[in-house]
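**Student:** Sequence:
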Amino acid sequence: MTVQELPGAASAYRPTPPPAWKPRTDPTPLLPDPEPYRVLGTEAAAGTDPELLLRLYAELVRGRRYNVQATALTKQGRLAVYPSSIGQEACEVAAALALEERDWLFPSYRDTLAAVARGLDPVQALTLLRGDWHTGYDPREHRIAPLCTPLATQLPHAVGLAHAARLKGDDVVALAMVGDGGTSEGDFHEALNFAAVWRAPVVFLVQNNGFAISVPLAKQTAAPSLAHKAVGYGMPGRLVDGNDAAAVHEVLGEAVARARRGGGPTLIEAVTYRIDAHTNADDATRYRGEAEVETWRAHDPIRLLERELTERGLLDEDGIRAAADAAETMAADLRERMNADAVLEPMDLFEHVYAEQTSQLREQAAQLRAELDAEGEAR
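Just so we're aligned, residue 1 is where the sequence shown starts under my numbering, counting upward by one.
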């Protein structure tokens, strides 16, 4: 028996929605531009603050050197793993600089550079990746959530914090970073849905670097762009050139300001490229060719900004050398401090798990303490 055959169905059944139906939101303003937004090399660059451009440049140069040094530390056995963000530095730096001190950053495992650009000690940013002491830093002190290894789990956390801040009346925005692979996780969809319904002050930055490890974007989604996914949840989607530091900073800054004044969340897709392999344990030559990588090297974020600054007379050889020297000083300090063996305290396992230790944790801590004391007496 069909719906039409049910008793009384003839008068009640409608082949289309009732006349009162209408879209909750006009989707047109939510749709991203057809091409990624750019600033460098366009007329818009003339209106960008020179001091901001110079700061972006210095952070990009420092970030590139940081990536190179951290990668070298994995080869020396000082890091267990390192997911390089070479080629993506514009996204990392812009994300850090777009936030106010009171705001929160929710990074993924590849976003150590964003944490460092926000002011975190470079050694503390790498502590988790060397297998030592929880996340390596106090998230509350730095307003940086723990570097997140599981894909996209930081996104619902960002929404929860942003929603709580809004309920409390705190003037706080959360910026959550994720890769294109993370958009295929359920946490991504749940976070965007809650954020839009609650109008939470949160900004989602998707770094579309072309691959989820070895899986290209075309095998993950059939959407016109990842930014188009925003309209399905009722929030604006923005598409930006992820190697254009000025453009990423501008788009993020507008989204953060919108969230702060109660406008709700924004989904931003930054189109960039992962120059290095997924991590030091990955062989990228198995799934992409060198010609593709070289094409993206020509669109390097540092070179793009350096060209803009030199053409406008804002940067000369001395300025370029000064930025490189400062980056080298940072790398030397990082190398020296990371080459020292960590002093491990086994009892730290039970710290920072809960605000107040549970009875099980106290029992386990007492058991470990007894074992350590016994081992010390046996020596």
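Simulated from the structure, these hints should not be mistaken for laboratory data. Be a bit skeptical, because a hint or two may be false.
What the hints assert, rightly or not - Okay, the calculated beta carbon distance ranges per label pair: (1) A340 x R303: 32 to 42 Å; (2) W296 x R321: 24 to 34 Å; (3) G186 x Q357: 23 to 33 Å; (4) G169 x H352: 42 to 52 Å; (5) L31 x E100: 27 to 37 Å; (6) R312 x Y354: 49 to 59 Å.
Cβ coordinates follow ideal geometry from the N, Cα and C atoms, glycine included.
**Student:** Assuming the hint says 24 to 34 Å, is it satisfied by the Cβ distance from W296 to R321 or not?
**Tutor:** Given range 24 to 34 Å: holds, Cβ gap about 26 Å.
**Student:** Is it true that A340 and R303 lie within 32 to 42 Å of each other by Cβ?
**Tutor:** holds (35 Å)
**Student:** Starting from the range 27 to 37 Å, see whether the pair L31 and E100 falls in it by beta-carbon distance.
**Tutor:** holds (29 Å)
**Student:** R312 and Y354, beta-carbon distance inside 49 to 59 Å?
**Tutor:** holds (53 Å)
**Student:** For the range 23 to 33 Å, tell me whether the beta carbons of G186 and Q357 fit it or not.
**Tutor:** Roughly 32 Å apart at Cβ, these two residues keep to the hinted range, so it holds.
**Student:** State, for the Cβ atoms of G169 and H352, whether the hinted interval 42 to 52 Å holds or is violated.
**Tutor:** violated (28 Å)
Checked against the numbered hints given earlier, this structure breaks only hint 4.
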